[in-house]
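Enquirer: Each protein sequence line maps, in turn, to chains A and B. UniProt numbering numbers the first residue of the first sequence as 1 and each following residue consecutively. UniProt numbering numbers the first residue of the second sequence as 1 and each following residue consecutively.
Hints listed in this document are in silico derivations from the structure and should not be mistaken for laboratory results. Given the structure is predicted, the values throughout are model-derived calculations rather than measurements. Heads up, some of the hints might be wrong.
In silico lysine-lysine, DSS-like type, Cα no more than 30 angstroms apart, as pairs [to be verified]:
no.	chain 1	residue 1	chain 2	residue 2
1	A	K805	A	K697
2	A	K855	A	K610
3	A	K697	B	K112
4	A	K525	B	K42
5	B	K140	B	K17
6	A	K669	B	K180
7	A	K88	A	K254
8	A	K855	A	K889
9	B	K140	A	K67
10	A	K491	A	K606
11	B	K183	B	K140
12	B	K17	B	K112
Across the chosen pairs, the derived CB separations fall in these ranges [unchecked claim]:
no.	chain 1	residue 1	chain 2	residue 2	range
13	A	H609	B	S84	18 to 24 angstroms
14	A	E26	B	L175	46 to 52 angstroms
15	A	Q879	B	S84	46 to 52 angstroms
16	A	V459	B	D65	27 to 33 angstroms
17	B	Y145	A	P716	26 to 32 angstroms
We put the CB at the ideal spot given by N, CA and C, even for glycine.
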Amino acid sequence: MYPASPRLGRAHLGASTFFASAHPSESCGSNGLPLTPNSIRIYGQARALQLINHPHLCSYVDIHRGKHERIMVIQEYYLLNLRVAAQKYPEMRSPQGLARLAHQVVQGLVYLNNFGTVACTLSPENILIDPRGQAKLYNYGLYYMTEAGTSVSFPLGTVQYTAPEVLLMQAGSQEGGGGVTGATVTGNPVWDVWSLGMVLAEILLGCTFFSGCKDMEELVGEVLSLALSPNPLQHLAQSHNACHSLEGLPGELKDFVSLCLTVGPSERPVPRSLLSHRLLQPFILSASLVPVHPHFPVVDPSLCLIDFAHFKAKFSMMENSGPTLTDYPLHAETEASLEFPKDSTKPRLKRDQLSERSMREVYHLWQLAGGNVEQELKKQKLIKIKPSILTLPSVMVVEGEVFGGDISHSQQLEATTIVLPLHTLRSRLAHIPPEKYYPLITQGESGTDELETSQLPLVIRERDVEYQLHRLLSFQRLLQAYPHKGDSILKEARKDTPPFYRALVWAALLNVDGAVAHTYQQIDKETPTPTDRQIEVDIPRCHQYDELLSSPQGHAKFTRVLKAWVVSHPHLVYWQGLDSLCAPFLYLNFNNEALAYSCLSRFIEKYLHKFFLRDNSAIIQEYLAKFSHMIAFHDPHLFNHLDNIGFIPELYAIPWFLTMYTHVFPLQKIFLLWDTLLLGEASLPLCVGVALLRQLKDRLLQFGFNECILLFSDMPDIDMERVVRESVQVFCSTPRSVTFRQHERPRPDPSQASPAHNAAQAGQQDLVMDGVSLPELKREKCPRVCGADLLELLAHKRSHSGRAKVLVVDVRSPEEFARGTLADAINMPADTSLGPDGTLLMGPQMEVLSSYRGKIIAVIGSRNGWDQVVKFAEAILVQEFPRVCTLHKGVEVFRASGALMVPS
Amino acid sequence: MAQRTSVQRPSGGGQGKICQFKLVLLGESAVGKSSLVLRFVKGQFHEYQESTIGAAFLTQTVCLDDTTVKFEIWDTAGQERYHSLAPMYYRGAQAAIVVYDITNQDTFGRAKTWVKELQRQASPNIVIALAGNKADLANKRMVEYEEAQTYAEENSLLFMETSAKTAMNVNDIFLAIAKKLPKSDNSATGSQREGMTLRPSDPTPGPAGCCK
Ligand SMILES: Nc1nc2c(ncn2[C@@H]2O[C@H](COP(=O)(O)OP(=O)(O)OP(=O)(O)O)[C@@H](O)[C@H]2O)c(=O)[nH]1
Ligand SMILES: [Mg+2]
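Go ahead and model the full structure; you've got the sequences and the hints to work with.
Expert: Here it is in structure tokens:
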């Protein structure tokens with residue numbers, strides 16, 4: 001996903017886990033409904049951390065929820081932390097090394113402050129050191145994701161390094177909770193500065209602080225006592241018998257640490273102002289300190305040289321990075337399979353291609369290769385499985401509250417991180433030649449074509465790690481080139497859309513372009529409007545089985561995107577259902593509301609033109625009438641049954657179309673459906689409806705009215721892949737004018753000219769489809785086809801069997817017929833072919849007609865005899881002839897075209 | 001289609017009389033119409049009950065002495081914009097439940113509007129019940145019981161405060177309606193022709209026009 005997370009490099013994927021605090025059972029919010037579980041709050045909140053991209057902050061790769069409020073976090077990880085590194089490498093604890101370390105940590109903190117939060121967890125264990133000796137803050141997102149610790153019951157930081165004022169605030173908050181009273185996710189940046197001071201002081205003084213403390217209380221007491229000292233650094237040195245270490249230290253370093261350990265929070269400097277401290281002057285910034293918001297079209301910041309600060313940073317990064325730390329700890333499993341040369345200062349012979357991929361990509365592929373974090377945590381004993389009998393409560397009161405049972409787990413933060421083993425993934429991909437990682441998009445081939453997998457069903461392709469790797473590689477390239485490569489994206493997406501890039505592929509298919517973020521930013525999403533109440537009651541009911549959309553963050557984002565849409569489309573209004581329509585876009589672009597908004601707007605323009613007008617009656621009625629025609633056209637058997645029992649689309653299909661099925665299916669099914677829907681025209685949804693009905697045909701045919709409507713009140717399980725496939729077939733076998741709608745958006749691109757369009761150009765206005773009044777549409781059961789389409793069908797004539805795709809039945813009198821008709825038309829005069837009750841009588845041409853069963857049957861007549869045309873079409877529809885249509889505006893339309901001839 | 005009608009009948013029927021009634025639920029969005037129906041039909045409560053678009057349909061059978069009453073329930077969309085669909089559902093209905101939320105005064109106002117519309121436009125002997133839902137949230141009450149009761153009496157409506165969440169009075173209100181409905185054979189036959197009552201009877205789109 002995006003913004004592209006940093007490449008894996010020599011990082012590991014580390015997994016850690018903790019518990020969110022559980023609400024007391026049966027507790028309800030003020031609306032009488034259960035409170036949102038804290039794990040869901042955290043899940044929604046943590047998403048934004050994925051946007052953090054800075055060389056001194058470990059990336060957040062993913063987060064999962066497990067049972068019993070468990071949270072599992074996957075982060076960039078290194079095996080070496082500062083505590084170990086400072087002992088092992090003298091250069092790390094040298095004054096110069098410490099100054100460099102301080103500079104890197106401060107940069108991380110400033111970035112974090114700019115992002116809008118603080119770490120609150122700074123400690124030697126949470127500062128990792130990568131193989132190049134670079135500091136990387138770890139676990140810095142806990143404060144943010146737990147909303148200042150309010151959704152967990154353990155204290156976030158390590159007491160030794162926690163600022164005294166934070167300890168006081170924690171003590172002030174309600175017992176049990178780890179929260180900081182009155183704190184917001186913004187926090188106070190100076191808290192981390194204290195922690196940094198403590199971390200540096202410890203290394204300077206060469207000791208471990210407060211190691212003699214017996215219990216937590218004493219420890220807290222020690223830290224608080226520092227706050228009473230006029231010079232905490234001196235105090236620490238004295239109490240740890242390390243005054244000698246302070247002597248001979250460079251003045252700047254001592255001053256820097258003392259400054260960090262300023263007792264009064266209001267006098268203590270924030271990270272940003274530390275950057276201008278003398279100690280840090282020799283160093284250049286490693287990267288921009290301002291978080292970059294996700295772009296679409298994708299601008300890869302690493303390719304962007306215009307930003308000079310960034311440019312400089314890229315360089316300094318290389319200068320600064322220094323030599324690789326010798327004897328860096330190796331992870332047994334990973335490195336063995338990697339064949340790193342022992343002396344890693346020499347260029348490696350075989351580049352590890354996987355390490356060039358982004359961490360999020362690697363993690364995605366790892367999962368596809370069978371990786372599962374929860375399993376991994378269990379294997380490595382971070383999740384301990386207790387026999388369930390041990391966790392049973394011993395007492396349960398009538399109100400549902402339980403006592404006893406082992407729920408002690410939530411009291412502490414488990415500090416251990418496990419490394420996700422990548423060897424399975426590596427060996428799955430080992431045989432792929434390096435050049436495949438750099439596909440050339442100009443060649444117009446995707447690299448997957450030669451894979452056998454590309455012929456297999458979608459479910460298999462989506463789970464095949466190798467296939468997906470190739471898809472990711474080519475889509476990454478194409479998306480970086482968007483909008484330039486829009487056509488290729490469409491072409492590739494016709495094969496399938498890799499779930500990893502779905503958000504961006506969809507945006508590309510919807511032609512989203514321009515100042516997406518800017519546009520969204522300009523919209524007033526706050527001012528109350530009369531629609532607010534409806535939005536507010538709809539959101540908590542919209543796809544709430546999904547943990548992201550049901551999180552408070554999800555609700556807030558939902559509200560903003562919907563309000564933004566409503567205010568910026570003054571001629572349109574909020575209809576219930578717009579919320580569902582927004583859901584897939586919000587889910588996919590959870591970290592990019594602006595893109596979610598743009599996609600939603602583009603989608604509505606294309607597929608739901610005018611549907612959200614205050615008065616949409618004409619539009620919906622027309623749509624439903626066309627849908628009814630489509631059912632008759634493609635499945636007369638089903639149509640006749642539904643028609644007989646009065647099961648009309650008005651009663652069940654409004655939510656289908658108004659929400660493009662998003663109110664009807666769960667998100668995973670919607671993705672599958674929309675992957676195809678977005679490739680097609682505005683009429684494709686009608687075809688989807690037909691395919692849906694046909695999948696349920698057996699049941700519908702047996703059912704009466706009540707059972708039919710009950711079936712759709714609670715949509716049964718649908719094989720969506722089949723629906724998608726069949727709807728494309730339906731689409732391909734439907735002449736375009738059949739789905740013509742007066743209210744559809746004028747087709748914007750004349751280069752996609754249809755025959756109808758060409759005809760219109762040629763001034764043959766009569767040959768193209770145009771509006772038909774609603775009463776007429778509703779009265780007719782079969783769709784109309786336009787003259788141009790009919791001519792084209794006739795031109796397509798004589799496929800392999802020598803048979804035309806279409807049979808033209810002229811229902812005028814034999815005299816009129818003889819004066820001129822379409823080539824190969826048969827004459828079945830309505831007057832003599834239909835009985836008084838409108839049924840079809842046996843006649844000489846019946847045999848021909850029957851032989852065309854399954855082909856398109858176009859009923860034509862004169863403009864004045866329109867009723868006869870309609871009646872005749874209905875009569876053969878009753879006989880369950882599929883694909884019956886009528887010629888719009890009668891035979892007269894062909895007069896000028898020269899298509900009429902005297903029948904032989 | 002006709003050959004399947006027998007399936008509609010609850011099993012074991014035969015001794016007693018079977019009546020079918022069409023019932024419609026009306027009221028502002030999010031007052032709990034769908035939740036009431038779900039509680040009545042399936043005995044469940046979903047806190048994340050999806051909003052209703054257009055309308056939903058469910059059936060439930062209750063037994064009253066020797067009569068089996070089958071409700072065909074149309075649960076409509078509450079948003080004001082969907083108003084124009086409503087006649088399609090209440091036309092020909094023998095009963096209606098107009099729902100409001102006791103914690104929201106506006107929804108009570110809206111309920112009164114619905115009652116007026118039913119009195120004017122629905123079939124003249126329609127049985128109307130007023131349900132003050134979310135009674136479990138008594139501490140957030142904005143509509144007094146007495147106020148609603150007085151209004152119900154003045155308009156000869158059945159009235160109960162209900163809670164789809166706790167199931168309070170949910171079956172009761174449907175039963176009270178069932179009791180009040182005439183159970184002579186001819187009255188119930190209106191809806192015996194399944195579904196047919198719903199079709200806009202004439203081809204010209206009358207007020208049943210969709211989403212106006
Ligand atoms: N506390 C409480 N909440 C309820 C009760 N009934 C419904 N709710 C909640 O109120 C919200 C709306 O309920 P719905 O049943 O969807 O409302 P509706 O009237 O069908 O709304 P529309 O379909 O939009 O017209 C849901 O979140 C329900 O969980 C109740 O009796 N008590
Ligand atoms: Mg509802």
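Enquirer: Does each hint fit the structure? Answer for all of them.
Expert: Going through the hints against the structure:
1. A/K805 <-> A/K697: Roughly 26 angstroms between the alpha carbons, so the hint for A/K805 and A/K697 holds.
2. A/K855 <-> A/K610: 34 angstroms, violated
3. A/K697 <-> B/K112: Cα-Cα ~42 angstroms, so violated.
4. A/K525 <-> B/K42: Given that 30 angstroms is the threshold and the Cα spacing comes to 40 angstroms, the pair is violated.
5. B/K140 <-> B/K17: Given that 30 angstroms is the threshold and the Cα spacing comes to 44 angstroms, the pair is violated.
6. A/K669 <-> B/K180: It is violated: about 45 angstroms lies between the C-alpha atoms, which goes past 30 angstroms.
7. A/K88 <-> A/K254: 23 angstroms, holds
8. A/K855 <-> A/K889: 22 angstroms, holds
9. B/K140 <-> A/K67: Not satisfied, since the Cα-Cα distance of roughly 34 angstroms exceeds 30 angstroms.
10. A/K491 <-> A/K606: Cα-Cα ~19 angstroms, so holds.
11. B/K183 <-> B/K140: Distance of about 39 angstroms is beyond 30 angstroms: violated.
12. B/K17 <-> B/K112: Distance of about 34 angstroms is beyond 30 angstroms: violated.
13. A/H609 <-> B/S84: 18 to 24 angstroms: 20 angstroms, holds
14. A/E26 <-> B/L175: 46 to 52 angstroms: Cβ of A/E26 to Cβ of B/L175: about 29 angstroms, so the range 46 to 52 angstroms is violated.
15. A/Q879 <-> B/S84: 46 to 52 angstroms: At 37 angstroms between Cβs, range violated.
16. A/V459 <-> B/D65: 27 to 33 angstroms: 55 angstroms, violated
17. B/Y145 <-> A/P716: 26 to 32 angstroms: 42 angstroms, violated
Consistency note: the structure conflicts with the earlier hints numbered 2, 3, 4, 5, 6, 9, 11, 12, 14, 15, 16, 17.
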